[in-house]
Structures are given as structure tokens and as C-alpha cells.
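**Q** Sequence:
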Amino acid sequence: MTRDYNLRNILAHSSTHLRMKRSATHRCNSRHTIVILLVVTSIVAGHYAFSYSATRGASSTMDEVIHMAGGYSYWTTGDYRLHPENGILPQRWSSLPLLLMDLKFPSPESPLWQASEAFLLGHQFLYRQGNDPDRMLAASRAMAACWSTALCVVVFLWARSLFGTVAGLVSLTLIASWPAVVAHGPLATSDACGALFFCLGAWSLWQLLQRVTPGRLLFAFLAVGLAAVAKHTNIVLGPLGLVFAGLSSFGSRPLQIDLGGWQRQFASRAGRLGVSLLLLLVPLLGAVAMIWAAYGFRYTASPTGLPVMVRRYETLAFCNEQAGGLGPVCGWLAAGRLLPEGWINGLSYVAATVRERNAFALGHYSTTGWWWYFPLCFAIKNTLPGLLLAVAGLAAAVWRLVSAGPSAGRGSRWQSLPLIVSIVMLWGLFLTSRINIGERHMLPVYPLLAILAGGVWPLLPGRRWQLAVVAMLGLQLVDVGSRWPASLAYFNQVGPAGREYQWLVDSNLDWGQDLRRLGAWLERHRRPHEAVFWEYFGTADPRQVLPTSERLTDIPAPGEPQQLIPGLYCISATHLQ
241 MTRDYNLRNI
251 LAHSSTHLRM
261 KRSATHRCNS
271 RHTIVILLVV
281 TSIVAGHYAF
291 SYSATRGASS
301 TMDEVIHMAG
311 GYSYWTTGDY
321 RLHPENGILP
331 QRWSSLPLLL
341 MDLKFPSPES
351 PLWQASEAFL
361 LGHQFLYRQG
371 NDPDRMLAAS
381 RAMAACWSTA
391 LCVVVFLWAR
401 SLFGTVAGLV
411 SLTLIASWPA
421 VVAHGPLATS
431 DACGALFFCL
441 GAWSLWQLLQ
451 RVTPGRLLFA
461 FLAVGLAAVA
471 KHTNIVLGPL
481 GLVFAGLSSF
491 GSRPLQIDLG
501 GWQRQFASRA
511 GRLGVSLLLL
521 LVPLLGAVAM
531 IWAAYGFRYT
541 ASPTGLPVMV
551 RRYETLAFCN
561 EQAGGLGPVC
571 GWLAAGRLLP
581 EGWINGLSYV
591 AATVRERNAF
601 ALGHYSTTGW
611 WWYFPLCFAI
621 KNTLPGLLLA
631 VAGLAAAVWR
641 LVSAGPSAGR
651 GSRWQSLPLI
661 VSIVMLWGLF
671 LTSRINIGER
681 HMLPVYPLLA
691 ILAGGVWPLL
701 PGRRWQLAVV
711 AMLGLQLVDV
721 GSRWPASLAY
731 FNQVGPAGRE
741 YQWLVDSNLD
751 WGQDLRRLGA
761 WLERHRRPHE
771 AVFWEYFGTA
781 DPRQVLPTSE
791 RLTDIPAPGE
801 PQQLIPGLYC
811 ISATHLQ
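In our numbering, the protein residues as written are 241 to 817.
Hints listed in this document are in silico derivations from the structure and should not be mistaken for laboratory results. On a predicted model such as this, the values are computed, not experimentally measured, just so you know. There could be a bad hint or two in this list.
Said to hold, decoys possible - Here are the simulated lysine to aspartate or glutamate pairs, EDC-like style, with alpha carbons at most 20 Å apart:
#1 344 / 319
#2 344 / 374
#3 344 / 781
#4 344 / 372
Given the sequences, and given the hints that come with them, work out the whole structure.
**A** This is the structure:
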């Protein structure tokens, strides 16, 4: 009896102790989760505030007026002809706050509207209709900054799923202070939005082809669908999905399908490949559905039957003739009305214009670009600590992949494969691209490199190496912070300080953002009654900022001298080159 009583006491005490231990562990985990959430929120909010505040004194950059005017016209007129070549999603998104303002838009009866002259209409919208351009820009940029902020969150989540929480924080800090992300994230353009949904699309495709669940089907449907209306260049997700399907069929892991009450495994290589290809129909349907929804489920770009014209291309058929291999595809889509005319025209225009574009780099000029252009941008437009971490992360990922082999399980080193494949595919496009007008076109590759950089952390052998990584992140923060608010014009220490315009121009350096700052500089440094002449690369209105100045005369005929008089000449770096 006594022995049984003691045994019951022991069991009761053990049970109480176990409950107390579990409770303490739960409280510890809860505190840990809250701390991580606070740290992530602080970094993400810091990115938003830092990047957006850098635009407060900046004039409209070259492409912002057409994104804002295009988005506003889509909402208010239902006409999709104005600016089809960049994603309709970022244009609609950045123009949302404009709908709450009492704005005047150029008349649909004007010749500019009839010919869909996007740049001229955008300039009129901001600077010739009596609207407040500063208020409009501030509101649109506040919306646009959400894309790069969301990109930071995606980088953290993907890196944490592969390498752990601390590695995720390393990746998050790196991408949140990446110069190009800070510079282009808050601009009312499509670059950050395109990068966000390329990253989400690639992640969702790989996840779906590893294990099929209702959540992953929905993720792929939405992510790839939104990528299709974020930026036309995201069609690269199509061939990327096919590559992922081929890679997923190798190895020894079966493809697991878990759809509620229906479960099945496909173990053979042929079975995995066949099912993977069928699964790609889900994101394809998502892309088709999102495209039709974004254009109001209407084929014609104009509700009144106006012809599609994008600058120098008078008809969609003529644009298709100049679009290379994508031209017949666009013609087939248009003939069958398989996708909206506005989206097809945008894709055709992108394909036509990528074949030739004016470019400058290192004193050279070209209309077809150079293979070394984007490697040059990568080398001098990123921080040195960031480059070191990115290269180390890529090397670590390759080492993991080689040492893991195709039979590695879920959550293992094999999961770095989609990042490596995506980076290789993107760099293949960069090296062959003929649009050499800015590092911003590399934006989709930076989050992938930042994720891999976080993968260095679990491999570090000791605290000294961990401190070295923390120090490099700190150096990047200081370097990028010291260039504020000139984030767009960031060059690292490799480039010649003060002579960056001799290396790269356009959206790498001078995209029209400094007109207001030029006006402030002239107020301080202009001599009394000194004549001022300007030539401006941008879409803002110099006459509003420099009212007592004159534009340079037109370039004279060949062989005739330029007639210049004494004065102060202010020439945009891009125009100077």
C-alpha cells in the first residue's frame, strides 16, 4: 500500500515536472519567435523608410511618367494602348492613390492620345494640366516601395527555409541594403515588381514539383500568374519551369501527391517527368487567367476601337515583323485572340526593341550592346562586401549540390538547385542581351544571390568567421547609407570617384532624378545675372525648376560650328556622353 502510494507520488511529480518543462519550453519558443518577428519587421521597415526617403527630393525619372500615366489611364478609361510594354500590374498599383486626387488627364480627343504617345502624354499629365507633380510622385512612389519591401520578406522566408533563421536574417539584411534594390525599389516603375514575382514564381514552381499539395498548387497559380502581368520578361519562367521539371525527374526521391483524401507516389523517372509536365499546366492557367483579368477580360486594347500604336510601330502586325522569333508567336496569339491585344502588343514591342538600343559604356557606343556590359555593372554597381558574400554563397551552394547528389531528401542541400539554375539562366540572358541601358535589368538575380549568401552562415567554422560576416554586412550598411540620397548613382570603390559618367550612364547614374537638386545648387552657386543653359535627360519639366534658364539650341548641321555664348552650361551626364 505504501509502496503504491509512493509510486503514485513519483509519477505525479514526474508528470508535473514534465508539464512545467514543456510550459517553459513553449514560453522560450514564443519569446524567440517574437524577437525574430521584431528584428525582421525592423529591417523591413528600415528598408522601406530608407529607400523611399531618398526619393523625396528627386525629380521624376525617365520611365515614371509613362508608368503613372499608363496606370491612371487603365483605371479611368479602360484603354490599354498607352504603355503596354511594361507590366500592367505595377502601373495599376502605383497609380492607385492618384485615383483619390482631383487630377486632370489629357483629353482622349488629342492627337497624342490617338497615337498613344506615352512619354508626351505622361509629361502633360504631370506638368501641363495644373496637377501637383510632387504630390503625385510621392504617392505613387509610396505604393511602389511596397514591392521591394515584399521582396525583402520573400528573401528572408526562402533563405530561412533552406539554411535556418540566422541565415535568413543575413540574407534579409543583405537584400534590404542592396544598392539597386534601395535605388529602384521606390520608383514608380516595373523593375522591383518584376523581380519580386520572378523570385516568387521560381520558388513556387520548384516547390510544386517536389511535393504536390493544395497550398502549393495555389501558390504556383498565383505567383506565376502575377509574374505574367508584372513584367513581360518574366515569360522566362516558362522555360525555367521545363528545366525544373526535367531536373525533378532525376534522383531517387518519389514525387509525392497529397491532395486531401487522395494520395499517391510516382517513383519511376518517366512517371515523375510526365506528372511534372502536367503540373506545369496549373501555373500556365494562372498566367492566362491573370492576364485576362488584368485587361478586363477584353481582347481589344481600346474600348473604342482605336488602333494599337507604340511609338515607332504603327500597327501590331508591323511590330511583330520586327520582333524576331517571338513575332510569329505574337501573331498566332493575336489571330486566335488567345490573350488580350494589349498584352500581346507589349510582348511584341519588348521583343522588337531588345534587338537594338543606344548604349554607352567605358567610352564605347553601340546599338547592339556588349557581352561584358552586365558583368561590368555587376562589378562596379554593387558593394564590395555584398559581392564577396554573394560569390561565397554561390560557391557554397555549388559545393552543397555536388556533395549532396540527386538522392538528397527534402529540406537538404539539394534544395539550393533552383536558385543556382535560375541564376545561370538569368546570366545567360544578361550576357546575350542587347538592351544595355541599366543595371536595373539585373534586379531579378540579386534576391537569389542574397538567399545563397545566407547559406554561408551554417558553414562557418567558428565565432571569428561569424563576426567577419556581420562586419561585412555592417560595412555594406555604412557604404550604402553614406551615399544617401544618391542611391541610384551608387558606384563602389572600384570606379573612379567623380568620373563615373565616363564608365556608365543612363539609369546607372543619370535617369533624370537630379533636376530639382540642380535647381537648388544653382540658387547657391549661380553668379548674379549669369546666363544658364541646360540639356536635360529626363521627363520632368526644367522650365518649372529653372525658370530663368534656356535650353541649348538644336545640334547644328554637320560641319557647322555650335554657336555658344558665355554662361553656365548644365548638361545631363547621359546627354553629355
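**Q** Now tell me, hint by hint, if it's right for this structure.
**A** Verification of the supplied hints:
{"no.": "1", "hint": "344 / 319", "result": "17 Å, holds"}
{"no.": "2", "hint": "344 / 374", "result": "15 Å, holds"}
{"no.": "3", "hint": "344 / 781", "result": "17 Å, holds"}
{"no.": "4", "hint": "344 / 372", "result": "10 Å, holds"}
In terms of the numbered hints stated before, the structure departs from none.
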